[in-house]
Amino acid sequence: MSEALSILLTTALWAAVLRIATPLIFAMLGELICERAGIVNLGIEGIMTVGALTAWYCVYAGHGLWTAWLIAALVGALCGLFHGVFSITMAQSQHVTGLGVTLLATGLASFVYRIAVPGKATPPTITAFAPLDLPWLGHPLLAATAPTYLALALVALVAYVLWYTPLGLAIRLVGEHPQGAQAQGINVVAVRYGCLAVGSALMALGGAFLTTAAFNSFVINMVQGRGWMALALVVFGAWRPGLALLGALLYAGFDAYQLRLQTLFPGIPYQIFLMAPYLLAIAAMVPMARKAIGPQALMVPFVKGER
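Residue numbers (the numbering used here): 1 to 307.
Hints may contain errors.
Think about it this way: if two alpha-carbon atoms lie no more than 25 Å apart in a straight line, the pair counts; the simulated SDA-like pairs of lysine to any residue are [as the list claims (entries may be wrong)]:
1. K120 / M222
2. K304 / H177
3. K304 / L167
4. K304 / Q182
5. K291 / Y160
6. K291 / F254
7. K120 / G62
8. K120 / G180
9. K291 / W228
10. K291 / K304
11. K291 / A156
12. K120 / G107
13. K120 / A214
14. K304 / A156
15. K304 / G107
16. K304 / A183
17. K304 / L78
18. K291 / L243
19. K120 / G64
20. K304 / S93
21. K304 / H95
22. K291 / H95
23. K304 / P166
24. K304 / V40
25. K291 / L279
26. K291 / E176
27. K291 / G168
28. K304 / V85
29. K291 / L169
30. K304 / L81
31. K120 / N221
32. K120 / H63
33. K304 / T89
34. K120 / A61
35. K291 / R240
36. K304 / V96
The hints are simulated quantities; they were obtained by calculation from the structure and are not laboratory data.
Construct all of the structure, not just a fragment, from the sequences and the given hints.
Structure follows, in structure tokens:
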């Protein structure tokens with residue numbers, strides 16, 4: 001038991017927590033921005049998959065890591081705009097449209113990957129982001145990759161924009177009362193399209209992190225439900241970036257800890273350890289989610305001129 005507790009004091013565990021939480025933070029921020037504007041984006045899992053493939057393939061084709069990230073973000077934004085054509089312009093069900101985007105994007109990513117690297121049994125590898133050497137920070141725990149620092153900075157940036165700028169006020173008003181926003185001269189459709197594009201770009205970066213920082217290759221279905229976890233984190237955080245970040249770190253902590261417990265207790269079936277972080281995360285999130293109140297116009301289609 002003392003060995004299990006001593007794991008909690010290792011810097012390797014807490015560095016792993018940051019690494020596991022990073023794709024969740026990108027995806028969570030993207031979903032939060034969409035939902036603040038009244039759009040549930042269930043295309044998140046597929047958009048992350050497309051982002052993972054795009055970033056990996058760009059580096060594989062010879063582009064730089066940051067160029068690959070930029071292209072992945074643009075592809076993610078296009079997926080969001082595609083979602084918007086059906087959910088905003090055509091006012092169709094956001095659930096159905098989002099799930100359609102996930103199915104289409106996941107299938108398309110698999111198809112493109114098969115064409116890009118035909119006949120290779122082992123996924124080709126790339127040179128991924130390395131942990132930054134920042135001795136002035138003075139602690140091995142902080143030896144994370146640049147995208148991890150970017151994700152943490154974006155949490156503060158999104159929180160600031162949403163709560164302290166006119167743009168954030170417009171986004172929240174569109175998500176709470178679109179007719180009222182329209183009466184104030186806000187272009188509701190433009191705000192929702194913009195949030196879908198920016199939010200989906202962030203989701204794609206969550207996928208890009210998997211192939212260019214956490215791992216160094218692309219594997220079909222490598223997102224493994226992280227998009228759905230990000231959806232839950234938004235509710236856990238009551239649509240606030242800071243609280244949602246706490247949820248991401250909490251889940252990542254459970255996941256990193258169970259990986260180490262597997263080697264410490266080889267006699268216990270590993271499946272028990274694998275499901276433990278999900279059960280613990282659900283137990284922690286349910287009380288928070290029961291108190292959470294989402295944007296009032298979430299999933300409500302907006303038709304100009306109608307009340």
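Checked hints:
Between K120 and M222, the direct Cα distance comes to roughly 17 Å. Compliance with the 25 Å bound is thereby established for this hinted pair. With a CA separation close to 13 Å, the supplied pair K304 and H177 stays within the 25 Å bound. Of the pairs offered as hints, the one joining K304 and L167 holds, with about 20 Å between alpha carbons and a cut-off of 25 Å not exceeded. Pair hint K304 plus Q182 holds up; C-alpha atoms about 8 Å apart against a cutoff of 25 Å.
Between K291 and Y160 the alpha-carbon distance is near 23 Å, which keeps this suggested pair within the 25 Å criterion. In summary, the hint linking K291 to F254 is supported, as the alpha carbons are separated by about 23 Å, within the 25 Å threshold. The hinted pair formed by K120 and G62 meets the criterion: a straight-line CA distance of about 19 Å does not exceed 25 Å. Our distance criterion of 25 Å between C-alpha atoms is broken by K120 and G180, whose separation comes to about 56 Å.
A distance of roughly 20 Å separates the Cα atoms of K291 and W228; the hinted pair therefore holds under the 25 Å criterion. Of the pairs offered as hints, the one joining K291 and K304 is violated, with about 32 Å between alpha carbons and a cut-off of 25 Å exceeded. A C-alpha spacing of about 23 Å is found between K291 and A156, which places the hinted pair at or below 25 Å, so the restraint holds. Annotation: proposed proximity of K120 to G107 holds, straight-line Cα distance about 19 Å (limit 25 Å).
With a C-alpha separation of about 22 Å, the suggested pairing of K120 with A214 holds against the 25 Å cut-off. Between K304 and A156 the alpha-carbon distance is near 33 Å, which puts this suggested pair outside the 25 Å criterion. About 34 Å separates the Cα atoms of K304 and G107, which puts this hinted pair outside 25 Å; it is violated. Taken as a hint, the K304 and A183 pair is honoured in the structure, with Cα atoms around 11 Å apart against an allowance of 25 Å.
The suggested pairing of K304 with L78 holds, with an alpha-carbon distance near 24 Å, which does not exceed 25 Å. Straight-line distance between C-alpha atoms of K291 and L243 comes to about 13 Å, which keeps the hinted pair within the 25 Å bound. Restraint check: the Cα-Cα separation between K120 and G64 comes to about 23 Å, which is no more than 25 Å; the hinted pair holds. For the hint linking K304 to S93, the alpha-carbon distance of about 17 Å falls within 25 Å, and the restraint holds.
A distance of roughly 21 Å separates the Cα atoms of K304 and H95; the hinted pair therefore holds under the 25 Å criterion. The straight-line distance between the Cα atoms of K291 and H95 is roughly 23 Å, inside the 25 Å bound, and the hint therefore holds. Distance hint between K304 and P166 is fulfilled; the C-alpha atoms sit about 22 Å from each other, no more than 25 Å. Proposed proximity of K304 and V40 is supported: the alpha carbons are some 19 Å apart, at most 25 Å.
This hinted pair checks out: K291 and L279 have alpha carbons roughly 19 Å apart, not beyond 25 Å. Only pairs whose Cα atoms come within 25 Å are accepted, and K291 paired with E176 is accepted, the gap being roughly 18 Å. The straight-line distance between the Cα atoms of K291 and G168 is roughly 23 Å, inside the 25 Å bound, and the hint therefore holds. At roughly 15 Å between alpha-carbon atoms, K304 and V85 fall within 25 Å of each other, so this suggested pair holds.
Of the supplied pair hints, the one linking K291 and L169 holds, its CA atoms being roughly 23 Å apart against a limit of 25 Å. Distance check on the hinted pair: K304 and L81 sit about 19 Å apart at the alpha-carbon level, within 25 Å; holds. Taking the CA atoms of K120 and N221, the gap is near 17 Å; set against the 25 Å cutoff, the hint holds. The suggested pairing of K120 with H63 holds, with an alpha-carbon distance near 21 Å, which does not exceed 25 Å.
The straight-line distance between the Cα atoms of K304 and T89 is roughly 10 Å, inside the 25 Å bound, and the hint therefore holds. A C-alpha spacing of about 16 Å is found between K120 and A61, which places the hinted pair at or below 25 Å, so the restraint holds. The hinted pair formed by K291 and R240 meets the criterion: a straight-line CA distance of about 13 Å does not exceed 25 Å. Taking the CA atoms of K304 and V96, the gap is near 22 Å; set against the 25 Å cutoff, the hint holds.
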